[in-house]
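Protein chains in written order, with this note's numbering: chain E, 1 to 383; chain F, 1 to 383; chain A, 1 to 383; chain P, 1 to 383.
Heads up, a few of these hints could be off.
No copy labels: a pair is met if it fits in one copy or bridges any two.
[What the hints assert, rightly or not] Distance condition first, Cα-Cα at most 35 angstroms in a straight line; then the derived DSBU-like pairs of lysine-lysine:
hint	residue 1	residue 2
1	Lys309	Lys187
2	Lys37	Lys194
3	Lys319	Lys34
4	Lys281	Lys164
5	Lys194	Lys281
6	Lys259	Lys309
7	Lys175	Lys216
8	Lys164	Lys192
9	Lys259	Lys194
10	Lys316	Lys216
11	Lys164	Lys259
12	Lys309	Lys194
13	Lys192	Lys281
14	Lys281	Lys316
15	Lys192	Lys316
16	Lys216	Lys259
These aren't lab readings, by the way, just hints derived from the structure by calculation.
Protein chains: 4
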Amino acid sequence: MSSNLGTLFRVSTFGESHGVALGCIVDGCPAGIKLDKETIQNFLNRRRPGQNEFTTPRGELDTCEILSGTENSVTLGTPISIIVRNQDKKANDYQDINQVFRPGHADYTTFKKFGIMPSSGGGRASARETIGRVAAAAVAKSFVQSMLPYADVIGWVDRIYDIKANVNEELVTLKNVESSPIRCPDKLAEEKMKEKILAAKEAGDSLGGIVCCIAKNIPCGLGEPVFDKLEAELAKAMLSLPAVRCFEVGDGFASTFLKGSENNDPFQLDPTGNVVTESNKSGGIQGGISNGMPIMIRVGFKPVSTIYKEQNTVTKDLKATTFKTKSGRHDPCVLPRAVPLVEAMFWLVLADHLLRQISLNHNFLNEIRKYLYIYVNIPVAEI
Amino acid sequence: MSSNLGTLFRVSTFGESHGVALGCIVDGCPAGIKLDKETIQNFLNRRRPGQNEFTTPRGELDTCEILSGTENSVTLGTPISIIVRNQDKKANDYQDINQVFRPGHADYTTFKKFGIMPSSGGGRASARETIGRVAAAAVAKSFVQSMLPYADVIGWVDRIYDIKANVNEELVTLKNVESSPIRCPDKLAEEKMKEKILAAKEAGDSLGGIVCCIAKNIPCGLGEPVFDKLEAELAKAMLSLPAVRCFEVGDGFASTFLKGSENNDPFQLDPTGNVVTESNKSGGIQGGISNGMPIMIRVGFKPVSTIYKEQNTVTKDLKATTFKTKSGRHDPCVLPRAVPLVEAMFWLVLADHLLRQISLNHNFLNEIRKYLYIYVNIPVAEI
Amino acid sequence: MSSNLGTLFRVSTFGESHGVALGCIVDGCPAGIKLDKETIQNFLNRRRPGQNEFTTPRGELDTCEILSGTENSVTLGTPISIIVRNQDKKANDYQDINQVFRPGHADYTTFKKFGIMPSSGGGRASARETIGRVAAAAVAKSFVQSMLPYADVIGWVDRIYDIKANVNEELVTLKNVESSPIRCPDKLAEEKMKEKILAAKEAGDSLGGIVCCIAKNIPCGLGEPVFDKLEAELAKAMLSLPAVRCFEVGDGFASTFLKGSENNDPFQLDPTGNVVTESNKSGGIQGGISNGMPIMIRVGFKPVSTIYKEQNTVTKDLKATTFKTKSGRHDPCVLPRAVPLVEAMFWLVLADHLLRQISLNHNFLNEIRKYLYIYVNIPVAEI
Amino acid sequence: MSSNLGTLFRVSTFGESHGVALGCIVDGCPAGIKLDKETIQNFLNRRRPGQNEFTTPRGELDTCEILSGTENSVTLGTPISIIVRNQDKKANDYQDINQVFRPGHADYTTFKKFGIMPSSGGGRASARETIGRVAAAAVAKSFVQSMLPYADVIGWVDRIYDIKANVNEELVTLKNVESSPIRCPDKLAEEKMKEKILAAKEAGDSLGGIVCCIAKNIPCGLGEPVFDKLEAELAKAMLSLPAVRCFEVGDGFASTFLKGSENNDPFQLDPTGNVVTESNKSGGIQGGISNGMPIMIRVGFKPVSTIYKEQNTVTKDLKATTFKTKSGRHDPCVLPRAVPLVEAMFWLVLADHLLRQISLNHNFLNEIRKYLYIYVNIPVAEI
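Could you build the full structure based on these sequences and the hints that come with them?
Quick look at the structure:
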């Protein structure tokens with residue numbers, strides 16, 4: 001219950017940060033998809049900490065192992081199980097926390113929910129929990145791109161604290177983003193963000209911000225009309241990430257300041273005769289269903305709870321005390337590492353709704369073919 | 001698939017705005033809960049249009065009928081089926097739209113998703129679709145309050161267009177909200193909002209805004225640690241409402257501008273020795289699990305798509321055209337009617353996670369009893 | 001929870017025998033399927049009691065109403081809601097039972113499970129509960145045959161008490177079955193069965209027996225390899241019917257008396273070059289997956305619990321007593337009416353697994369086309 | 001989809017017989033349950049082949065590893081992941097089969113379903129697939145017995161081929177069963193069964209039979225009234241095991257030869273004033289809900305498909321051929337090893353429905369306490 005996502009492309013994750021291993025099972029991925037260990041490892045490497053001075057120095061290698069579901073680097077249609085063993089676990093890591101509820105953390109709520117307190121405080125509430133999600137997302141991306149070779153998901157850091165980037169959403173590429181150590185493709189903003197992060201690190205404090213993410217070349221028809229609207233599923237997926245506090249689709253918050261006449265996206269025909277919208281204020285989704293335009297979301301992360309300052313709190317046996325994190329292995333700002341997490345959740349939602357739409361509308365497979373032809377100008381013969 | 005919500009308190013809705021009836025089945029509600037038709041009707045009346053000059057003049061009575069699941073106004077533990085017949089359906093209502101994709105509406109995406117175009121354009125994409133949700137929420141509230149008599153959910157209009165209300169979240173009551181025709185308990189702001197709405201109505205345009213909603217006296221422990229975090233489930237529930245574009249929990253967007261040292265909520269002991277937080281920036285949820293403090297969310301609605309102005313669009317047979325809504329039965333601003341919808345979704349999420357927590361932690365029933373004692377100062381003997 | 005079936009072709013039923021109405025929501029049925037009220041009514045009429053002297057004289061007309069999900073007798077892809085109002089409810093019907101646990105009935109277990117006792121004793125435990133299933137199955141059949149026009153499901157009474165029919169499984173047709181008032185196409189056995197039923201009726205007693213059911217022209221590939229094997233899903237579906245006590249697939253019980261060399265079905269090529277099996281002891285399923293041969297099951301029903309003889313039992317307030325059914329409106333043998341129920345559950349399982357296979361193997365739609373060509377000898381051009 | 005079982009006590013399994021590892025995730029198990037590796041290993045050892053001359057000589061040790069969900073041998077309430085690495089994989093094991101569809105096996109259906117043929121032929125269709133189930137069942141048993149310390153599940157071989165055992169269902173113990181190498185507690189029958197098995201082995205043939213299984217001290221209230229009847233869930237669980245062809249609950253098949261007056265179980269009060277039934281023909285379930293009496297099922301296994309005799313079949317490229325298994329590592333009769341599998345599935349169903357009932361009826365936890373008192377005569381103070 002607690003760790004399942006998806007209806008047809010179904011992901012189950014497991015693992016505590018202080019346990020033996022973390023990982024996932026992906027069930028429902030069709031057979032015949034090319035999938036090797038390197039694809040998954042590349043995904044995991046992007047979320048890995050310790051990559052530069054702006055992230056935590058913890059040196060987990062996070063090497064993955066595929067236990068099932070593939071043969072000769074091709075999926076079998078059976079559950080794909082992937083694990084990553086915990087290697088950099090230090091016995092005393094959690095010693096200072098196991099009697100104190102850390103402010104902003106899930107220690108107290110975990111203890112009250114389960115009636116038991118894991119040695120790491122929050123049990124599954126850990127950044128390492130996302131390893132299973134990212135491994136599963138590598139499978140999701142492989143599957144989606146096998147059907148929609150031009151589909152892509154690109155995220156970037158749009159703001160850290162009060163430093164806002166200026167990014168051209170139509171032109172930004174994964175390469176632009178990855179060339180920046182903090183995953184902000186606006187070089188000017190990037191420099192200021194670095195300064196802010198280092199200052200926060202110096203002060204033992206932490207910073208939040210915004211990740212933008214866009215999905216391109218997604219066909220019309222993904223998402224369900226009522227509870228499982230595409231934006232609702234994306235919202236859940238994103239809010240399920242640690243430290244996320246807000247979500248917008250399309251113009252989101254800004255839309256609430258517009259009039260209907262300003263906010264509606266008029267339909268028109270593009271040169272190939274296909275229906276497109278003049279503007280894209282709706283962010284590529286109408287009535288919960290993708291309309292073929294780029295899908296655009298924004299995800300807000302609070303400053304991480306782990307800081308190196310004295311804070312008031314209480315102990316497990318209900319005595320007032322103060323708490324200050326001792327070990328220095330935590331990110332002052334998770335935004336750079338949050339980018340691949342946002343992308344991962346996006347891929348998982350797309351994979352699931354792609355399968356759902358295929359099961360619901362049996363002409364959709366033909367629609368996809370036509371879509372490829374019209375949008376990406378591939379000759380039909382090559383599809 | 002398209003119309004189910006919840007894991008244990010499970011709601012299935014059905015019905016098109018142009019069909020025979022709309023409604024829901026609620027499955028998983030325990031037996032022995034007091035539930036009569038009036039409770040459900042009162043909920044439905046709050047979402048009903050045509051209540052004053054600020055909402056659409058459509059006169060649906062929306063009278064509900066309970067078909068199953070209760071006897072002598074008490075639930076049997078079996079599926080509760082509730083229907084509302086469409087009465088104010090006018091044959092020509094949709095005549096002007098059935099060859100044109102209305103901008104901002106789900107006509108185009110519905111047609112592409114299903115390969116068929118309902119006469120009403122968007123099929124399930126209609127404000128009337130929410131009838132099933134609201135009827136189900138009446139059941140959810142009855143159930144939750146049977147276990148947590150002091151639990152309550154209160155929503156209000158926090159902003160319309162650029163008019164922001166000033167509301168004391170701790171003191172606002174349902175009565176305050178309901179005494180306002182636009183459900184804004186700040187009388188000063190309310191007057192300005194009314195002006196804005198009437199001006200938009202005059203201009204044939206529409207306005208969006210923000211609904212705030214708070215849940216009080218909710219015990220610690222609701223929500224799951226990974227994908228089904230309480231805020232993730234709330235985000236999905238809210239984004240599944242028509243016209244919603246953004247969601248925040250706690251300080252949300254504002255949190256992204258704070259430092260960790262400013263944003264963390266320190267724990268302390270209240271006079272009765274219970275763990276509480278000094279501030280409530282996290283909005284009552286930590287690590288996806290409620291912490292016993294008030295749960296606070298904000299939900300942003302775009303201006304509704306139906307406006308009385310000429311707009312560019314295309315026809316079903318792919319010809320450029322213009323479209324202007326003819327009939328005048330649509331709200332210029334849905335915010336007042338959105339308040340009970342936000343509350344409804346909140347109750348549905350709470351009911352489901354209350355059952356989930358009971359199944360997971362078998363001491364939780366005792367915890368609830370203790371909670372009643374500590375928080376609400378009821379002598380144990382009376383519980 | 002209690003009343004949902006299916007993963008993609010999803011059925012939710014509701015209704016008590018003593019309540020206002022019974023019915024179902026079918027969610028997940030694709031758009032564009034021809035479906036009118038008559039199709040559903042015809043299905044319901046087959047399960048209706050009071051059709052001849054061998055069934056209960058209760059005269060429910062069981063007239064259905066489609067509330068949503070279709071327009072102009074075509075499905076919209078949205079939830080299809082169907083209801084049947086209870087009309088023949090007599091106020092005193094259940095008066096004699098509401099303080100006594102009837103032997104063999106669900107009165108006691110329902111009371112203990114829910115902590116509440118419905119006036120009808122067993123709540124959902126009633127033959128009328130199957131109305132929702134049968135209505136949903138009419139949708140399922142329409143959907144399956146829209147994709148597999150030659151697919152069919154034919155059930156018949158194979159044995160009543162000790163009278164065994166002799167039926168050629170390959171040749172039996174729905175028409176053969178329906179021409180018999182007790183749905184046994186073996187005229188000789190039928191006569192003896194009639195005698196047995198009338199004798200049991202006379203004696204105030206009841207009889208059980210076996211229903212056989214075969215699904216023809218089902219393509220290879222339905223069913224999942226592990227928990228959701230096709231035979232496992234069929235077993236659950238059948239055992240979920242009231243009074244069912246045993247289930248066999250293929251040669252079933254008889255297989256346990258064979259050696260592997262006798263029981264294996266050798267593969268061979270049929271004249272068109274397609275893979276078939278020489279024998280069909282496995283009943284058309286291997287490893288949980290249909291192999292293209294006829295799927296054959298047998299379902300055993302106990303004699304119904306309602307008899308007109310004095311029996312020992314206890315009252316709700318735990319006093320020993322005796323009980324004898326007073327009103328005479330119950331079937332002495334449900335087997336004839338059980339046939340359409342078995343068929344209904346079969347269609348529901350087939351519809352669900354057809355959608356599941358489509359979502360999993362994207363070449364399956366082409367496979368179906370080829371199947372039609374090979375098996376049924378339709379020229380490809382006409383498919 | 002293909003490999004998930006359970007609603008609240010949720011099991012996901014993975015792994016191919018020719019892959020790196022097999023295993024499971026158990027999600028939904030409450031925190032605080034004692035669970036160590038030995039408990040799981042003991043369960044796995046019972047299903048392990050190679051234990052004596054009556055089972056396959058394959059020497060897998062099947063050593064398990066717990067990757068997550070426990071700490072200090074106590075469950076955390078988080079997903080419990082357990083893996084078993086494949087060790088005895090021989091490169092050439094499957095060489096002879098990868099171009100031929102073995103009769104009776106899932107090679108052909110797997111190939112048609114997924115469009116791809118794993119090197120082992122049937123992919124997940126392998127006796128080794130049950131490792132994940134059995135590991136999960138060890139968790140299930142630990143959980144169920146933590147709440148119902150006197151609950152137990154005991155299975156035994158009731159028949160092999162034509163040799164029927166005579167076993168007193170009320171007195172048989174796990175110890176009786178385990179003292180027999182073929183898990184038949186009737187010593188006389190056991191000897192004849194051994195002879196039959198060795199003769200079949202000699203002949204290169206295989207034998208089927210029946211496993212009986214009883215669950216004792218299960219409280220009234222488990223199971224749902226409609227689709228998820230306890231016997232329906234058990235039927236699905238059992239039919240999902242490899243080679244199972246039939247299922248009976250209570251008197252099952254024999255019931256269909258009785259009259260209602262013979263088959264109904266009259267209620268009476270036991271000496272402690274509790275409601276019990278005089279007979280138990282219903283097998284402890286009425287209307288889909290357990291009634292507190294022993295739950296009794298019978299599961300029929302076909303003779304395994306792997307035999308050492310020449311059989312007709314076809315190749316993957318559709319040429320007629322013959323096939324004869326070469327390697328000699330297969331059981332001539334799976335019945336002895338099927339016993340722990342039947343028990344495993346029983347525990348999984350019980351654990352799930354125990355959680356479901358707790359979430360549905362909040363007095364049930366008190367009922368259990370009372371049950372312990374009444375049935376097992378434990379003084380209340382000790383509960």
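Homo-oligomer pair classification [Lys281, Lys192; C-alpha up to 35 angstroms] = both (29 angstroms within a copy, 27 angstroms between copies)
Could you place Lys309 and Lys194 in one of the four classes (within, between, both, neither) given a Cα distance threshold of 35 angstroms?
-> within (21 angstroms within a copy, 48 angstroms between copies)
Pop the pair Lys281 and Lys316 into one bin, within, between, both or neither, using alpha-carbon distances up to 35 angstroms.
-> between (49 angstroms within a copy, 22 angstroms between copies)
First find the shortest C-alpha distance between Lys192 and Lys316 inside one copy, then the shortest across copies, and answer within, between, both or neither for a cut-off of 35 angstroms.
-> neither (41 angstroms within a copy, 50 angstroms between copies)
Measure nothing new, just compare the shortest in-copy and cross-copy C-alpha distances for Lys309 and Lys187 to 35 angstroms and report within, between, both or neither.
-> Result: close within a single copy only, 31 angstroms intra versus 43 angstroms inter.
Could you place Lys164 and Lys192 in one of the four classes (within, between, both, neither) given a Cα distance threshold of 35 angstroms?
-> The answer is both: 9 angstroms in one copy and 33 angstroms across copies each meet 35 angstroms.
Is it within, between, both or neither when you check Lys164 against Lys259 at 35 angstroms Cα-Cα?
-> The answer is both: 26 angstroms in one copy and 16 angstroms across copies each meet 35 angstroms.
35 angstroms Cα threshold - placement of Lys216 relative to Lys316 | Answer is between: at 24 angstroms across copies they meet the 35 angstroms cutoff, but 48 angstroms inside does not.
Please work out whether the CA atoms of Lys216 and Lys259 approach to 35 angstroms or closer within one copy, between two copies, in both situations, or in neither?
-> both (27 angstroms within a copy, 33 angstroms between copies)
Are the CA atoms of Lys319 and Lys34 at most 35 angstroms apart within a copy, between copies, both, or neither?
-> between (56 angstroms within a copy, 29 angstroms between copies)
From the Cα coordinates, with 35 angstroms as the cut-off, is the pair Lys259 and Lys194 best called within, between, both, or neither?
-> Answer is between: at 15 angstroms across copies they meet the 35 angstroms cutoff, but 38 angstroms inside does not.
Go through the copies and call it for Lys175 and Lys216: within, between, both or neither, with a Cα cutoff of 35 angstroms.
-> within (15 angstroms within a copy, 47 angstroms between copies)
Against the hints set out earlier in the document, a violation occurs for number 15 only.
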